[in-house]
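Spelled out, the chains give:
2 protein chains.
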Amino acid sequence: MMKDVKEIRANAKEWLDEVITVQGWVRNHRKQKEFGFIDFNDGTCFESLQIVYEKDISHFDDVQKISVGSAIEVTGVLVKSFNEKQAFELKAKEVTLLGACPEDYPIQPKRHTREFLREQAYLRPRTNLFGAIFRVRSVAAMAIHEYFQSHNYVYVHTPLITTADCEGSDQMFKITTLDMNHLPMKDGQVDMSKDLFGKQAFVTGTGQLHGEAFAMAYKKIYTFGPTFRTENSNTKTHANEFWMIEPEIAFCDLNQLMDIEEEMLKYIIQYVLEKCEAEINFFDTFVEKGLKDKLTKVLSSKFVRITHRNVIDILKKANIKWEFEPDYESDIAKEHEKYITEYFNGPVFITNWPKDIKAWYMKLNDDQKTVAAVDLEVPGAGELMGGSQREENYDQLIKRMKEMHIDRNTVDWFCNLRRYGGCYHSGFGMGFERMIMYLTGIENIRDVLPFPRTPKNCEY
Amino acid sequence: MMKDVKEIRANAKEWLDEVITVQGWVRNHRKQKEFGFIDFNDGTCFESLQIVYEKDISHFDDVQKISVGSAIEVTGVLVKSFNEKQAFELKAKEVTLLGACPEDYPIQPKRHTREFLREQAYLRPRTNLFGAIFRVRSVAAMAIHEYFQSHNYVYVHTPLITTADCEGSDQMFKITTLDMNHLPMKDGQVDMSKDLFGKQAFVTGTGQLHGEAFAMAYKKIYTFGPTFRTENSNTKTHANEFWMIEPEIAFCDLNQLMDIEEEMLKYIIQYVLEKCEAEINFFDTFVEKGLKDKLTKVLSSKFVRITHRNVIDILKKANIKWEFEPDYESDIAKEHEKYITEYFNGPVFITNWPKDIKAWYMKLNDDQKTVAAVDLEVPGAGELMGGSQREENYDQLIKRMKEMHIDRNTVDWFCNLRRYGGCYHSGFGMGFERMIMYLTGIENIRDVLPFPRTPKNCEY
Numbered sequence: 001m002m003k004d005v006k007e008i009r010a011n012a013k014e015w016l017d018e019v020i021t022v023q024g025w026v027r028n029h030r031k032q033k034e035f036g037f038i039d040f041n042d043g044t045c046f047e048s049l050q051i052v053y054e055k056d057i058s059h060f061d062d063v064q065k066i067s068v069g070s071a072i073e074v075t076g077v078l079v080k081s082f083n084e085k086q087a088f089e090l091k092a093k094e095v096t097l098l099g100a101c102p103e104d105y106p107i108q109p110k111r112h113t114r115e116f117l118r119e120q121a122y123l124r125p126r127t128n129l130f131g132a133i134f135r136v137r138s139v140a141a142m143a144i145h146e147y148f149q150s151h152n153y154v155y156v157h158t159p160l161i162t163t164a165d166c167e168g169s170d171q172m173f174k175i176t177t178l179d180m181n182h183l184p185m186k187d188g189q190v191d192m193s194k195d196l197f198g199k200q201a202f203v204t205g206t207g208q209l210h211g212e213a214f215a216m217a218y219k220k221i222y223t224f225g226p227t228f229r230t231e232n233s234n235t236k237t238h239a240n241e242f243w244m245i246e247p248e249i250a251f252c253d254l255n256q257l258m259d260i261e262e263e264m265l266k267y268i269i270q271y272v273l274e275k276c277e278a279e280i281n282f283f284d285t286f287v288e289k290g291l292k293d294k295l296t297k298v299l300s301s302k303f304v305r306i307t308h309r310n311v312i313d314i315l316k317k318a319n320i321k322w323e324f325e326p327d328y329e330s331d332i333a334k335e336h337e338k339y340i341t342e343y344f345n346g347p348v349f350i351t352n353w354p355k356d357i358k359a360w361y362m363k364l365n366d367d368q369k370t371v372a373a374v375d376l377e378v379p380g381a382g383e384l385m386g387g388s389q390r391e392e393n394y395d396q397l398i399k400r401m402k403e404m405h406i407d408r409n410t411v412d413w414f415c416n417l418r419r420y421g422g423c424y425h426s427g428f429g430m431g432f433e434r435m436i437m438y439l440t441g442i443e444n445i446r447d448v449l450p451f452p453r454t455p456k457n458c459e460y
Numbered sequence: 001m002m003k004d005v006k007e008i009r010a011n012a013k014e015w016l017d018e019v020i021t022v023q024g025w026v027r028n029h030r031k032q033k034e035f036g037f038i039d040f041n042d043g044t045c046f047e048s049l050q051i052v053y054e055k056d057i058s059h060f061d062d063v064q065k066i067s068v069g070s071a072i073e074v075t076g077v078l079v080k081s082f083n084e085k086q087a088f089e090l091k092a093k094e095v096t097l098l099g100a101c102p103e104d105y106p107i108q109p110k111r112h113t114r115e116f117l118r119e120q121a122y123l124r125p126r127t128n129l130f131g132a133i134f135r136v137r138s139v140a141a142m143a144i145h146e147y148f149q150s151h152n153y154v155y156v157h158t159p160l161i162t163t164a165d166c167e168g169s170d171q172m173f174k175i176t177t178l179d180m181n182h183l184p185m186k187d188g189q190v191d192m193s194k195d196l197f198g199k200q201a202f203v204t205g206t207g208q209l210h211g212e213a214f215a216m217a218y219k220k221i222y223t224f225g226p227t228f229r230t231e232n233s234n235t236k237t238h239a240n241e242f243w244m245i246e247p248e249i250a251f252c253d254l255n256q257l258m259d260i261e262e263e264m265l266k267y268i269i270q271y272v273l274e275k276c277e278a279e280i281n282f283f284d285t286f287v288e289k290g291l292k293d294k295l296t297k298v299l300s301s302k303f304v305r306i307t308h309r310n311v312i313d314i315l316k317k318a319n320i321k322w323e324f325e326p327d328y329e330s331d332i333a334k335e336h337e338k339y340i341t342e343y344f345n346g347p348v349f350i351t352n353w354p355k356d357i358k359a360w361y362m363k364l365n366d367d368q369k370t371v372a373a374v375d376l377e378v379p380g381a382g383e384l385m386g387g388s389q390r391e392e393n394y395d396q397l398i399k400r401m402k403e404m405h406i407d408r409n410t411v412d413w414f415c416n417l418r419r420y421g422g423c424y425h426s427g428f429g430m431g432f433e434r435m436i437m438y439l440t441g442i443e444n445i446r447d448v449l450p451f452p453r454t455p456k457n458c459e460y
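In order, the protein sequences belong to chains A and B. Numbered per the working numbering, the first sequence spans residues 1 to 460. Numbered per the working numbering, the second sequence spans residues 1 to 460.
Hints are computed from structural coordinates only; laboratory data are not their basis. Misleading hints may appear alongside valid ones.
Since the list gives no way to pick out one identical chain from another, each pair is judged satisfied if it fits inside one copy or across any two copies.
[As the list claims (entries may be wrong)] Simulated pairs of lysine to any residue, SDA-like, Cα-Cα distance not exceeding 20 Å:
{"id": "1", "residue 1": "Lys3", "residue 2": "Ser150"}
{"id": "2", "residue 1": "Lys199", "residue 2": "Asp170"}
{"id": "3", "residue 1": "Lys275", "residue 2": "Ser150"}
{"id": "4", "residue 1": "Lys186", "residue 2": "Lys456"}
So here's chain A without its partners, still in its complex pose:
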């Protein structure tokens, strides 16, 4: 019977002494004169299956030639293992080579640096580390869908292509169907009316505005899709293409929003701890010592809620020589984020930020100085989510747009949501890669994206 390694691990006791066939790849091959061991992995779970063969197998000499990386099919009997590290192994009767692998195969059974493996992006999911990272990525994505769907949110596919200049077009990629070397001109300018959409279009960096429209119909919605930024910065936390989750909830104020963020984060952590035990143990040992404790502790903690002003108070009182002086009118720096999450020893919601450093659509508080925004800071990863109550007052919104030089023409419909049965509502955005880095301990965004796109770097 054809089985995969995950099934075999789950049913090993029952299937002892049964004849089983598996298909997968050779991770390692240790050969002795009279027998051999194949470290066999079929990708269905983190763990490999040990295959042992002896001289009596058919084509013993051919089997011994099978190299690391090859695809094979093995039929054998599931037996108890003599090796103490594992309960069972497959004693092969027949090993068939399905796809060979030459000696120049880059993924050899030894330690490769992450930098080297980044250059082999199409092969690196075959390693323990990246195999674990991208499985956690898949499981965490499902956790997010399950959380929102089980709470009756509607998943909305907001458009990626947009002509709305809502975040500043200099941060968006322009898209075109025109031949860049033979652009149609009119009055000394490129004639964009000749482009597919009849005007300049962009790929967007947010689905929030469109999400709000749907929240005004379904009460609770979320987006989950790719997002693009043109930022020309080569840091460990920036990529030009990444995935983002943006929930938007009608009849929801800032406090209720924090309840949702906290509940969602705990749901994701719980889900991943349950479904990816082997992977999390691996990260805990080889990537971030204490990772598992860190995540487990979050589950039972109540997140602190504190205003930006009170955070600055704490930072000013700290007996520390800051690189950036804490300031009531300014954003907080990485060093401040680190201090404050360590100070409270857990996740911290920071609320009510100075209006001038936050987005134009955030709700102005009664003090006329701060907005009802909230950032969630977590130990080790800094800002994990950013959200706000939205300005639902039409006149106030228009006033802020003028002050902040937002072109109203392309988002008139968005403003109209305030006129047509508008209500208090809130939403947040979470960078998915940031979440994966938090869950795995991986420090570079390039290592949690299957094929990362960064400045001057768009291979594969």
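Using the hints provided, position chain B relative to the given structure of chain A.
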């Protein structure tokens, strides 16, 4: 207690005579001198809740002024209804206006054409029809994730931005960070080295190639994300941005692939029938008569599997004057798809297509004339999925690429997958909008996309 309409419907018997508060929107408001009825919808389910108020309510005159589209909060007692169409209604004690709605509100309680509502894309989810469509869209997306995750597939976020010219760059949008009106030139050409990625990049129309790389690590993977095509065609089935699902499975041949496609389709249908009963009933009544029967029948049917050659035989024997003559070397036309699904009265897998009309990466059959491709045709919607076994033979793949003028340089890594432990494998693509059209009976792709993008049309 604050409740939503979905909860109230589920618990109506228990909650009779309880005081309940709801928040949502006015779909309709019928006023009498001594009382009034509000058709109240909060978007949490298809059905509305009837709110009845009488003269004794506080601020009766203000309540009577509340117009269609307004956001309100209502506190009242859940009571048995005198109206035979519904079991219960909310007898209001207090109705509070949260957000007014002026008389020029485009969504009035009357029949609007779908064409009119397309012009109001940001408001149309508030109607019965579009509210139902986009809820089914969300639920069907979840069905797909649940199907694959419960079968241990890994969800892979393949990149949208690519420099690989794998499908013909004329079908892909170019992206740029350059100022189109002041392009840097070098030797009479645009100097793309000045662009963010240092060369011309595109947004892609498929994740298959990258998906194959991950299938060679995890055995079973799927993608689910937005896809872009520059096609300048204004038909009911084309959009320039749409969502696609692309599973890829190692150690899987064409027959096994068809098993998966059939199982997945039945899973999605079953899931949507269960979770969206009210919506499907609505479509069955107002959009496509017999929809529910059509879907239910698929669940218990075994899909026909037939070769392209045998399909042409049937078409040639049919006593019909074709617009396009059936031909052994050619694709089949819409009229043929329709005939053949009606002929078999259900979904049909058509296999082994002439190699020259199919993609370069499909596996060449032993006859050297056909490839191991399969299209799934369904009654009413035509082609729903397209897949193939992939060419796993390196030399054969390179030969086909040369014949079909595919530039190998940008996809060298993809070819290498055949050298490094390659194996027989298969995959398919399913356009998500096509699936939603099939599930709802909606005939225009513009009505199943939240904010459709088509030539000359990129509003909102």
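Outcome of the hint check:
{"no.": "1", "hint": "Lys3 x Ser150", "result": "between (32 Å within a copy, 16 Å between copies)"}
{"no.": "2", "hint": "Lys199 x Asp170", "result": "both (16 Å within a copy, 19 Å between copies)"}
{"no.": "3", "hint": "Lys275 x Ser150", "result": "both (18 Å within a copy, 12 Å between copies)"}
{"no.": "4", "hint": "Lys186 x Lys456", "result": "between (32 Å within a copy, 18 Å between copies)"}
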